[in-house]
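J.: Listed below are the residues making up each chain.
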Amino acid sequence: DSGVTQTPKHLITATGQRVTLRCSPRSGDLSVYWYQQSLDQGLQFLIQYYNGEERAKGNILERFSAQQFPDLHSELNLSSLELGDSALYFCASSEGTSGGYVQYFGPGTRLTVT
Amino acid sequence: ELKVEQNPLFLSMQEGKNYTIYCNYSTTSDRLYWYRQDPGKSLESLFVLLSNGAVKQEGRLMASLDTKARLSTLHITAAVHDLSATYFCAGYRDNYGQNFVFGPGTRLSVLP
Chain A
978 DSGVTQTPKH LITATGQRVT LRCSPRSGDL SVYWYQQSLD QGLQFLIQYY NGEERAKGNI
1038 LERFSAQQFP DLHSELNLSS LELGDSALYF CASSEGTSGG YVQYFGPGTR LTVT
Chain Y
155 ELKVEQNPLF LSMQEGKNYT IYCNYSTTSD RLYWYRQDPG KSLESLFVLL SNGAVKQEGR
215 LMASLDTKAR LSTLHITAAV HDLSATYFCA GYRDNYGQNF VFGPGTRLSV LP
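Chains A and Y, in that order, give the protein sequences.
Per our numbering, the first sequence runs over residues 978 to 1091.
Per our numbering, the second sequence runs over residues 155 to 266.
Errors might be hidden in some of the hints.
To give an idea of the interface, some chain A residues facing chain Y are shown, with a C-beta separation under 8 angstroms as derived from the structure [claimed, not checked]:
id, residue
1, ALA991
2, GLY993
3, LEU1016
4, GLY1019
5, TYR1027
6, GLY1029
7, ILE1037
8, GLY1061
9, GLY1073
10, GLN1080
Keep in mind the hints are simulated off the structure, nothing from the lab.
Treat the numbers as computed from the prediction; the structure is a model and nothing was measured.
For glycine and all other residues, C-beta sits at the position ideal for the given N, C-alpha and C.
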């Protein structure tokens, strides 16, 4: 158990809908990262937050947004969902934001868009 | 644009043998990560390599980084079945659009 929790574990929704994925980092970790894993696109980095501020951004679509709250949990919002958004979404946390900090991954949320 | 390649993509090896997974990247990477993913599971961080010549070892796995060659290697010594997994490397460029870029993964099967 990495100490990172993600909810829900599974999510099935229809095209055009909006969903929110939640991540709670390990105690003491200030950074949260979001990743998408699909068969088509492999593993992709979406976005990173550090202590409430956006720190780095990857290929995150405009339909997607994220935030990190004062209690350091993070939410990833996916809107106007398309079939191609079906994927595993992982979050990870680390103590810091630069250098050799180990990332600890949550179990993932499997999103299925029908 | 940072691109990351791995080879081989599939590797089947016998227990007790040694092998190396290669990770090439296209342009400067500020650091290099290795991850492991078991089937149906999440990812596990293995190594973070920060500078040229960096070498890190954990058990039967050893990772190294050659920034001049833009190459990282993950060496497996005396493989055991428990090492069967998919291994990903990822490059990172600070203050760059696509900060983390993952390779396609190497699926390793260690056979008895």
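J.: Which constraints among the numbered hints does this structure fail? Numbers only, ascending.
T.: Hints 1, 2, 3, 5, 6, 7, 8 and 9 contradicted; others consistent.
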